[in-house]
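**Q** Each chain is listed here by its residues.
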Amino acid sequence: MTRVGQWLHERIPVSGQQLRELTNEPVPNHLHRWWFCLGGTPAYLFVVQIITGILLAFYYKGASESAYESVHYITHEATYGWFLRSLHKWGATFMIAAVILHQIRVYFTGAYRRPRELNWIIGMCLLMCTLLVGFTGYSLVFEQLSYWGATVAANICDAVPLVGTLCKQMLLGGAAYNEQTLPRFYILHAAVLPTTMILLIAVHIALIRLHGVTEFRSESEHDDAPRHFNFFPDHMLTELMIGLVLMILLSAVSTIFPATMGPRADPLSTPEVIKPEWWFYVSFRWLKLFSLSFAVLSTGFIVAAMFLWPWIDAALRKLTGYEEVSVWIGIVATFLLVGLTVWEAAVTH
Amino acid sequence: MRKSLLDRELRSRTGVKIVSEILKRTRGHAGQSTMNNHADSASRRAFLLTGSCMGGGLIAGYGTLGIMAGQFLYPADDGDFGWQFVASLHEIAVGESREYVAPSGARVVVARQTEQETADAFIALSSVCPHLGCRVHWEPHNSRFFCPCHNGAFDRQGQPTEGPPAAAGQQLVRFPLKVEDGLLFIEAPLSSIARES
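Those protein sequence lines, which keep their order, are chains A and B. Count along the first sequence from 1, then add 61; that gives the number in the working numbering. Count along the second sequence from 1, then add 1420; that gives the number in the working numbering.
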């Protein structure tokens, strides 16, 4: 051991053997296919969001009288501000898409089943946090659509039985959008939600390490084919490759379609055409189809069922005796999700 | 350099001495306890008593802090509303309406429905959709108030005719009105984050 190595070892008493044990978790063979590696994608994008978010926070002013102007400054005057804001905006879009795809993959491969139910719940919490962080971030621009999006969302909260009004008051800092609202969104977006997410991601990864990744074997695979490969360096290389592709893709999309700005929020006039960000198209269409109380209660019921799915699935399998019942429910749910999103995207009202 | 290293070593040795002394005393105490079951049980009782007192104190302290944080985050008031002058009663004839602009910038349609000289003869409709809080606007060609958020529509009386508000029977909220000495007053919001232009 060199002198530097010895010096380091004395201060960080971890042996090479211990390091190898820590990093060389056997990875199931199906993870050679990149679409099974979607769990690492949101984690990578989360890091991108934190870095770009910190940079944007140097210029952003979280108050209704100055927020729009500060975003305008970032976009049009600060050096590379347009690019960093675009990276942040597209990073959010990619991250939400990656989280949803990851969850769909976990669902269809049944990776949430016993004993991994708790990790599914943590994943669901992470999905909710991701959607919330997306919503609060979108509201920070203080343009017309983000202002009215926040107003609509707060009033949806209000329709939740028992705690709805309290939630709305706490979210807005009053009965309606006022000067206290934007700072609350900012704190939630930049401090409360990211910290919660870091903690949840740590527990999520710890539980994955404790249980190991669910093994998934395709029918075409030979029985004598190797079942595992090494995390380091084999899987690490796949993740690095995905990271590189994402970086190129994110930079390209941010340059070709940079983040723009709509008109400044006007609390006295709702725009003729109002749409939330694409990830809320489903709930927006749902709200148009049904009365508010039904839409809110049914959404609550669906979200609760998603949280409890590992147990609901187990009960359904026991009841029907059919192992793949969740797959068919998943197919219907995915069609509904995609169908309502496309429907909302295709029409003006 | 050499001296500071020696000093540090000395301090560390002093520290070691103190720690070993504490350990020795603790071990001594534990040793006595294992020999005497009664003493062990007393120590556990003492621990439980002290622990629950301290734990209770911490819970009470942090609980109070939690309540204070909740009250700190809960909004202090729901915004300022005040009575504002709209017009003299004779200025608005039956069937006519007048647009009133509140200090917050909100535009309110005030219409007279009967000859009565009381507030009940008038109607002042809020432009906030009762469904999810978007602003409705008047569409003259359709003779209706329309909300672009979820396609809600209302007639000139504020009654819902289409969309989610019609399904839920939600009508446009009326601003409170009062008549004093032949003058019509409205209770309207005084402030908003709308930018003054």
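It is worth saying that the hints were derived from the structure and are not from the lab. The structure presented is a predicted model; accordingly, all values stated were derived computationally and were not measured. C-beta atoms are modelled at their ideal positions from N, C-alpha and C, and glycine is treated no differently. It is possible that some hints are incorrect.
[What the hints assert, rightly or not] Partial list, computed: chain A residues near chain B (C-beta under 7 Å):
1. Gly235
2. Lys349
3. Leu353
4. Ala375
[Unchecked claim] Pairwise CB distance ranges (calculated):
5. Glu1559(B) x Glu178(A): 46 to 56 Å
6. Asp1500(B) x Met189(A): 45 to 55 Å
7. Gln1533(B) x Val386(A): 56 to 66 Å
8. Ala1513(B) x Ala236(A): 32 to 42 Å
9. Ile317(A) x Asn1571(B): 26 to 36 Å
10. Glu1516(B) x His410(A): 23 to 33 Å
11. Val65(A) x Arg1464(B): 49 to 59 Å
12. Gln1536(B) x Leu227(A): 49 to 59 Å
13. Tyr383(A) x Gly1481(B): 46 to 56 Å
**Q** Decide, hint by hint, whether the structure agrees.
**A** Hint by hint, here is what the structure shows:
1. Because the beta carbon of Gly235(A) sits about 4 Å from the nearest beta carbon in chain B, less than 7 Å, this interface hint is met.
2. For Lys349(A), the interface hint holds, the least distance from its beta-carbon to any beta-carbon of chain B being 5 Å, beneath 7 Å.
3. With 7 Å as the threshold, the beta carbon of Leu353(A) comes within range of chain B, its nearest partner Cβ sitting at about 6 Å, so the hint holds.
4. With 7 Å as the threshold, the beta carbon of Ala375(A) stays out of range of chain B, its nearest partner Cβ sitting at about 36 Å, so the hint is violated.
5. Under the hint 46 to 56 Å, the C-beta atoms of Glu1559(B) and Glu178(A), about 52 Å apart, fit the expected range.
6. Between Asp1500(B) and Met189(A) the beta carbon distance is about 35 Å. The supplied range of 45 to 55 Å is therefore violated.
7. The beta-carbon spacing between Gln1533(B) and Val386(A), approximately 60 Å, falls within the hinted interval of 56 to 66 Å.
8. As the Cβ distance of Ala1513(B) to Ala236(A) is approximately 35 Å, the hint placing it in 32 to 42 Å holds.
9. For the pair Ile317(A) and Asn1571(B), the beta carbons lie near 34 Å from each other, so the given range of 26 to 36 Å is met.
10. Hint check: Glu1516(B) to His410(A), Cβ distance near 32 Å, so the stated range 23 to 33 Å holds.
11. Checking the proposed 49 to 59 Å range against Val65(A) and Arg1464(B) shows it holds: the Cβ atoms sit about 50 Å from each other.
12. Distance hint check for Gln1536(B) and Leu227(A): the Cβ-Cβ separation is about 40 Å, which falls outside the suggested range of 49 to 59 Å.
13. Checked against the hint of 46 to 56 Å, the C-beta distance between Tyr383(A) and Gly1481(B) comes to roughly 54 Å, which is consistent with it.
Checked against the numbered hints above, the structure breaks hints 4, 6, 12 and satisfies the rest.
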